[in-house]
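Its first residue numbered 425, the sequence shown is counted upward by one per residue in this note's numbering.
Rather than coming from a laboratory, the hints here were simulated on the basis of the structure.
We treat Cβ as the ideally placed atom computed from N, Cα and C, and that holds for glycine.
No false leads were slipped in.
Ranges of calculated distance between the beta carbons of each label pair, as one might list FRET restraints: (1) P528 <-> E448: 20 to 30 Å; (2) I533 <-> H445: 15 to 25 Å; (3) H569 <-> P430: 47 to 57 Å; (4) P430 <-> K566: 40 to 50 Å; (5) Q526 <-> D502: 12 to 22 Å; (6) H569 <-> M525: 41 to 51 Å; (7) E459 <-> P430: 27 to 37 Å; (8) S568 <-> M525: 38 to 48 Å; (9) P430 <-> E469: 12 to 22 Å; (10) E517 <-> S472: 13 to 23 Å; (11) T482 <-> E462: 17 to 27 Å; (12) L546 <-> H569: 19 to 29 Å; (13) E469 <-> P518: 17 to 27 Å.
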Amino acid sequence: MPEITPSYVHAVESKLRSFVHNGEKVGLVMSFVYEQGECELCGQEKTSWHYVIENLTTHRHLIIGSNCFKNFQKFLCDWKFEPDRILVSKFFEPFVKWFPMQAPKAMEIDDSYYTEIQTNPLRILESRNAEELSGFRYIMKKHSHGREFVVQEIGYGRKTRSPISPSEDVF
Numbered sequence: 425m426p427e428i429t430p431s432y433v434h435a436v437e438s439k440l441r442s443f444v445h446n447g448e449k450v451g452l453v454m455s456f457v458y459e460q461g462e463c464e465l466c467g468q469e470k471t472s473w474h475y476v477i478e479n480l481t482t483h484r485h486l487i488i489g490s491n492c493f494k495n496f497q498k499f500l501c502d503w504k505f506e507p508d509r510i511l512v513s514k515f516f517e518p519f520v521k522w523f524p525m526q527a528p529k530a531m532e533i534d535d536s537y538y539t540e541i542q543t544n545p546l547r548i549l550e551s552r553n554a555e556e557l558s559g560f561r562y563i564m565k566k567h568s569h570g571r572e573f574v575v576q577e578i579g580y581g582r583k584t585r586s587p588i589s590p591s592e593d594v595f
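Make a model of the complete structure from these sequences and hints.
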């Protein structure tokens, strides 16, 4: 992990303080691999691994890189915020499997936050060049015939826009 510099701390703190407040939960709603991306938290360019986190109280979202994902808990812990971790569904394990070794306190496995999600990952996907997107996973709520569904979708490979293996759970 790169060294945490004062300029990094300043960039992250100012944006993170406006994104989350003490007592607000944050959950991972999407992860994707896109070579030309930028972290919205620290401004790092050419970030490959992206994580879309949603503040489950305000329903604002941020697209962050892997370094900011790993450092998220450190900032919130320093500020004495609770909860201080990103909630992550087991569904995202292939995209976050190295975090427990590199930053063991960065996330908490929890599948109960699905009902609180409002971010639409499809809009985020549409804003990316399909030819440069090499993989994605997302969860979102859908409404049909008066019922709410949680949809989990996966896409792999270059030029793949349509999800493979969708699964739906009713809650």
